[in-house]
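2 protein chains.
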Amino acid sequence: MSKKNAVIILSGGMDSVTSLAYAVNKGFGCFSITFDYGQKSKSEIRAAHYYSKFYNCKKHKIFQIDFSSFSSSALTEADKSVIDDSSNKIPSTYVSMRNIIFLSIACSWAETLSCEDVFIGANAIDYSGYPDCREDFLKAYEKMINIGSKTGSEGGNFKIHRPLVNLSKAEIVKLGHSLGVNYKKTVSCYQANEEGRACGKCESCDLRKQGFLDNNFPDETLYI
Amino acid sequence: MSKKNAVIILSGGMDSVTSLAYAVNKGFGCFSITFDYGQKSKSEIRAAHYYSKFYNCKKHKIFQIDFSSFSSSALTEADKSVIDDSSNKIPSTYVSMRNIIFLSIACSWAETLSCEDVFIGANAIDYSGYPDCREDFLKAYEKMINIGSKTGSEGGNFKIHRPLVNLSKAEIVKLGHSLGVNYKKTVSCYQANEEGRACGKCESCDLRKQGFLDNNFPDETLYI
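Chains as they are written, first to last, in our numbering: chain W, 505 to 728; chain G, 505 to 728.
Among the hints, erroneous ones may be present.
Just so you know, same-sequence chains aren't split out, so a pair can sit in one copy or run between any two.
Straight line, CA to CA, 30 Å or less: simulated DSS-like cross-link-like pairs of lysine-lysine [unchecked claim]:
#1 LYS546 x LYS565
#2 LYS643 x LYS688
#3 LYS688 x LYS654
#4 LYS654 x LYS643
#5 LYS654 x LYS713
#6 LYS705 x LYS647
#7 LYS565 x LYS654
#8 LYS508 x LYS713
#9 LYS654 x LYS705
#10 LYS654 x LYS546
#11 LYS643 x LYS663
#12 LYS507 x LYS713
#13 LYS530 x LYS713
#14 LYS563 x LYS508
#15 LYS557 x LYS507
#16 LYS647 x LYS663
#17 LYS643 x LYS705
#18 LYS508 x LYS705
#19 LYS713 x LYS647
Rather than coming from a laboratory, the hints here were simulated on the basis of the structure.
Please model the complete structure; the sequences and the hints are all you need to start from.
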């Protein structure tokens, strides 16, 4: 009589919380995983913990992985000492292979839990510069993980659920509201303070604000 | 006039050291990466460091990742507290998604270094039970990483070199010898001692011994 389980990649931001609410609504028993990868805003991680509890996740795992030692991004403390050659094509907030690494660890945990469903809040519309947020990537990832895993080679089938992949921010907010999500405690701001309050000025804050505005919903964000 | 660079996944075992020697022979400037993922035999990591120096790697990175917190395997300290359901199909030495995670971190580092060549000593013949050691997986991985990365989406092309994928252990030893590899300090044994000396009794030791024997080479392994 146990529910079907799923692993949910949960950053604590608007998108991943919507994806968690979506999975809960679909009847999955949820195991959430949050990556502490040296991002500047630790309040995201606390938000992830809050929503994991709120949605009765069976377990919330916080997994530390030090991206700064092999990658560099404006989202983390950059260690550029290993870089021989620099390229100006990579945007400063791009964390190289972030979703690929997150998905791989989430799928490994899922396999250990004997479950085949993994949710990611990846979204191609507002972040089209990130190649690992797009449908064609997620499709190729799903194929690869089924060839390269015990699960896939023993007749199972990993499903990488990406309910938001083709939604705009306004559509995500609309979907979230239809599922009863209260976004007050989600953290999207790149420079949120310790309590998770948003600056209201950065690109991420603007995008989020517009999401509420386009729906004629009041902005639930807590600002500094 | 700088050489083309490559990232080499280097465990310190026979296969990965052969793959490093192969890359050096092909003229690559090598950046080696070794994963400290809670494996019981730490002498492998020292062996990786020894060969990185021996082959003049530009950098040897030791990257810690705690597999025991999301996976369970006889190769690591198992934390089974998160397991809801157990399956008897997974062999005890299988580490769920190990090569997928290693490749993803190696490719992330490669992208940061602006290089597109990654070497892995994966080998399908002797470890056919491991789905992430096979050619079809590596092909799917290569496709996925090029779709999901900046490198691939900006016209670059990651190449996942797998020079040993279809070689038997005897053929690997033969290739290594043709490249001048001395295997004395490589560690293959699952229960090597602190100095890296092998037990001579486990499955991995047997396989390695046979590799020398089939070539009529003296066994270079240091035993306890």
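Tell me, which hint numbers fail for this structure?
2, 3, 6, 8, 12, 17, 18, 19
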